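**Q** The chain contents come next:
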Amino acid sequence: MEDLMKDKIEQLVDYIMKWCLWQFHSRAWDREKQNEGILTKTMQILCEEPVELETPTYRCYWVDAVLLAKGFKSTYPWLAMMEKKDIKLLMKGLKDRIDYLTITGSLNKELSNPLY
Amino acid sequence: MPTSRIPQYNSGDNFGMRLRFLGAKHVIGAPMKDVIHLCHGPVGCTYDTWHTKRYISDNDNFQLKYAWATDMKEKHVVFGAEKLLKQNIIDCFKAFPDIKRMSIYQTCASALIGDDMNAVAKKVMEEMPDVDIFVCNAPGFGGPSQSGGHHKINIAWIDQKVGTFEPEVTSKYVINYVGDYNIQGDAEIMLDYFQRMGIQILSTFTGNGSYDDLRGMHRAQLNVLECARSAEYICNELKKRYGIPRLDIDGFGFEPLSVSLMKVAMFFGLEKEAKAIIDEETARWRPELNWYEKRLKGKKVCLWPGGSKLWHWAHVIEEEIGVKVVSVYSKFGHQGDFEKGVARCSEGALAIDDPNELEGLEAMEMLKPDIILTGVRPGEVVKKARIPYMNIHAYHNGPYKGFEGWVRLARDIYNAIYSPIHQLSGLDISKDERPTDKGFLTRRMISDVDIIEDETTPSSEQPYTGEYDIVSKLRGKIYSSSQKQEKEYIIGVVQGGT
Chain A
933 MEDLMKDKIE
943 QLVDYIMKWC
953 LWQFHSRAWD
963 REKQNEGILT
973 KTMQILCEEP
983 VELETPTYRC
993 YWVDAVLLAK
1003 GFKSTYPWLA
1013 MMEKKDIKLL
1023 MKGLKDRIDY
1033 LTITGSLNKE
1043 LSNPLY
Chain B
70 MPTSRIPQYN
80 SGDNFGMRLR
90 FLGAKHVIGA
100 PMKDVIHLCH
110 GPVGCTYDTW
120 HTKRYISDND
130 NFQLKYAWAT
140 DMKEKHVVFG
150 AEKLLKQNII
160 DCFKAFPDIK
170 RMSIYQTCAS
180 ALIGDDMNAV
190 AKKVMEEMPD
200 VDIFVCNAPG
210 FGGPSQSGGH
220 HKINIAWIDQ
230 KVGTFEPEVT
240 SKYVINYVGD
250 YNIQGDAEIM
260 LDYFQRMGIQ
270 ILSTFTGNGS
280 YDDLRGMHRA
290 QLNVLECARS
300 AEYICNELKK
310 RYGIPRLDID
320 GFGFEPLSVS
330 LMKVAMFFGL
340 EKEAKAIIDE
350 ETARWRPELN
360 WYEKRLKGKK
370 VCLWPGGSKL
380 WHWAHVIEEE
390 IGVKVVSVYS
400 KFGHQGDFEK
410 GVARCSEGAL
420 AIDDPNELEG
430 LEAMEMLKPD
440 IILTGVRPGE
450 VVKKARIPYM
460 NIHAYHNGPY
470 KGFEGWVRLA
480 RDIYNAIYSP
490 IHQLSGLDIS
500 KDERPTDKGF
510 LTRRMISDVD
520 IIEDETTPSS
530 EQPYTGEYDI
540 VSKLRGKIYS
550 SSQKQEKEYI
560 IGVVQGGT
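Listed in order, the protein sequences are those of chains A and B.
Residue numbers for the first sequence follow our numbering, beginning at 933 and rising by one.
Residue numbers for the second sequence follow our numbering, beginning at 70 and rising by one.
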């Protein structure tokens, strides 16, 4: 069961890495905000929950989230078969994995530069 | 040629793509169209100004037609060149009385002697109140990479100029289009799409960009970022200082471009307008892209650009043009660019960070690519190795952005790979026997050997049918956007996102 979840997470990671740019902002704090903002909103969209668009920045997250959710659904039919509680678990695992790949496990030394 | 014995470092030849001055002036500063770009240094520092980058503009290419330098000599190194600079600035404005804006670029020579260019510029602006001058202190020796120059000029521009001019805002939907240098009209193609949606482009950073428009960047609602390598700094600072969010897009390739247009549209609630453009353009150009894709299937490509095309193209030229990317490299890409590029490559592609010529030659020998997409200087080495090459910095027959532009790229790759010259250039006339009983094979004779016309290759698919110049007709185009100004984009809560 755990392996199946890991496999699904890796498929979603592959999609993000190939088709998205938002996960690769230049500093760690920006990547944290991007990952959190976009993947949370993607989860909300996939689970048909309300999505906050209170600021222009939130709206930017939402734009990327809508297209990501659409891409996930069209590329991975198994997503439609999942229950919402499992989608939440999946997206939590995805967020952890993306955080690792782009922030905590990244060898990019510019991430910690305090200036742009 | 100049008589000075000050070393005439030109900003490219000796340093490849490693000069900070080049990154500041020739890549980012000089595409600004209504500006005198004055180089404070030996006259040789202006060398690369003409024709190395085809960043055209809609004001008769003013910024490409003239090159300005203060022509520093030994005596200025000894006694200082501030007087010379001041006189040059005044002379330039007198010589071009219609131009009231100037950028001054520091060079190694003027930096080493410590000329205070900011003080000179300030003095001139006090004496000539109708002019405005921007000072860029990014001398060549300041760093080992042109990317350092991108950084310098981004920060200098926002520090010195953003917020000093109030632009006229005429739309409810206002963006800065950032990180596009209008190579052969790329930016003008993208602006056409945005304007067809009813979006006002407050400034373009910096291709075909206007100096005063760029001073007013702080009034946009959204920064649409294309080349993050060269221009993410100003977007990040605009976000930090003015709260303007940054949306990264891909202007190359049908699918990434469609998604990108839709992203910008969704930010403003203009999805219907974007969809109409995407549908129209795709229907018009997809069959022609398919024609090339079928003939380029599996051709091996080395994608060796400077920076951002590493990740803008790595996946989509495989997906949509059919070629196989066997290697990527970047001369000045940062770790972040390789993160993006490697993430988008197929398995097995060889990624090389800043290769020298020998490493490039070894890769060619090992990978045996059918074509190499790179810049003009490594391109000369490639040609000597008898491998087809395309200039993807200044382009061959661009623009390559946009739907039609992407077909033009496929057309140029096709023309390069199947050019008959490769049959002839392989013959050594001093020893090889030259066939006299047959002519060379044309492109179609080679490329169409395995093409069978059936339902998967319909006759409606054909080579590129567009015009030679697809940019000039966009200039002066009238956009009817008034009906779209009634919409307010939503700030609040939506259910399920869509």
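Incorrect hints may appear among the rest.
Under 10 Å between C-beta atoms, here's a sample of chain A residues computed to sit facing chain B [unchecked claim]: (1) Q943; (2) R959; (3) D962; (4) P988; (5) L999; (6) G1003; (7) T1007; (8) Y1008; (9) W1010; (10) M1013; (11) K1020; (12) R1029; (13) Y1032; (14) T1036; (15) E1042.
Straight-line C-alpha distance at most 25 Å; calculated SDA-like pairs for lysine to any residue [said to hold, decoys possible]: (16) K134/B to I182/B; (17) K965/A to A164/B; (18) K366/B to A345/B; (19) K1017/A to S958/A; (20) K308/B to M1013/A; (21) K309/B to K950/A; (22) K950/A to A164/B; (23) K950/A to S279/B; (24) K308/B to P1046/A; (25) K369/B to M435/B.
Hints listed in this document are in silico derivations from the structure and should not be mistaken for laboratory results.
These numbers were taken from a predicted model, which means no experiment stands behind them.
Ideal placement from N, C-alpha and C gives every residue a C-beta, glycine not left out.
**Q** Against each hint, give a clear statement of whether it holds in the structure.
**A** Verification of the supplied hints:
1. Because the smallest distance between the Cβ of Q943/A and any Cβ of chain B comes to about 15 Å, over 10 Å, the interface hint for this residue is violated.
2. With a cut of 10 Å, the hint placing R959/A at the interface with chain B holds, because the nearest CB-to-CB distance is about 8 Å.
3. Interface hint status for D962/A: upheld, as the beta-carbon distance to the closest one in chain B is roughly 7 Å, under 10 Å.
4. Restraint check, P988/A versus chain B: the minimum CB separation of about 5 Å is within 10 Å; hint holds.
5. Annotation: interface hint on L999/A holds; nearest CB of chain B at approximately 6 Å, less than 10 Å.
6. The interface hint given for G1003/A holds, since its Cβ lies 8 Å from the closest Cβ of chain B, which is under the 10 Å cut-off.
7. Checking T1007/A against chain B by beta carbon gives a least distance of about 12 Å; that is not within 10 Å, so the hint is violated.
8. With 10 Å as the threshold, the beta carbon of Y1008/A stays out of range of chain B, its nearest partner Cβ sitting at about 17 Å, so the hint is violated.
9. With a least beta-carbon distance of about 20 Å to chain B, the hint placing W1010/A at the interface is violated under the 10 Å criterion.
10. The interface hint given for M1013/A is broken, as the beta carbon of that residue sits about 18 Å from the closest beta carbon of chain B, more than 10 Å.
11. Using the Cβ-Cβ criterion of 10 Å, the hint placing K1020/A at the interface with chain B is not satisfied: the shortest such distance is roughly 15 Å.
12. The beta carbon of R1029/A comes no nearer than 13 Å to any beta carbon in chain B, farther than 10 Å, and the hint placing it at the interface is violated.
13. Interface hint status for Y1032/A: violated, as the beta-carbon distance to the closest one in chain B is roughly 13 Å, over 10 Å.
14. Annotation: T1036/A was flagged as interfacial toward chain B, and the flag is violated, the nearest CB pair being 14 Å apart, outside 10 Å.
15. Annotation: interface hint on E1042/A holds; nearest CB of chain B at approximately 6 Å, less than 10 Å.
16. Using a Cα cut-off of 25 Å, the hinted pair K134/B and I182/B is violated, with the two alpha carbons roughly 30 Å apart.
17. Proposed proximity of K965/A and A164/B is contradicted: the alpha carbons are some 51 Å apart, above 25 Å.
18. A threshold of 25 Å between alpha carbons decides the hint, and for K366/B with A345/B the separation of about 30 Å lies outside it, so the pair is violated.
19. Simply put, K1017/A and S958/A have alpha-carbon atoms about 33 Å apart, too far for the 25 Å limit, and the pair is violated.
20. Distance restraint check for K308/B and M1013/A: the Cα-Cα separation of roughly 39 Å exceeds the 25 Å cut-off, and the hinted pair is therefore not satisfied.
21. For the proposed pair K309/B and K950/A, the alpha carbon gap of about 28 Å is over 25 Å, so the pair is violated.
22. Pair hint K950/A plus A164/B does not hold up; C-alpha atoms about 51 Å apart against a cutoff of 25 Å.
23. Pair hint K950/A plus S279/B does not hold up; C-alpha atoms about 35 Å apart against a cutoff of 25 Å.
24. For the given pair, K308/B sits about 15 Å from P1046/A by alpha-carbon distance, which is consistent with the 25 Å threshold.
25. For the given pair, K369/B sits about 12 Å from M435/B by alpha-carbon distance, which is consistent with the 25 Å threshold.
Taken one by one, the earlier hints fail for this structure at numbers 1, 7, 8, 9, 10, 11, 12, 13, 14, 16, 17, 18, 19, 20, 21, 22, 23, listed in ascending order.
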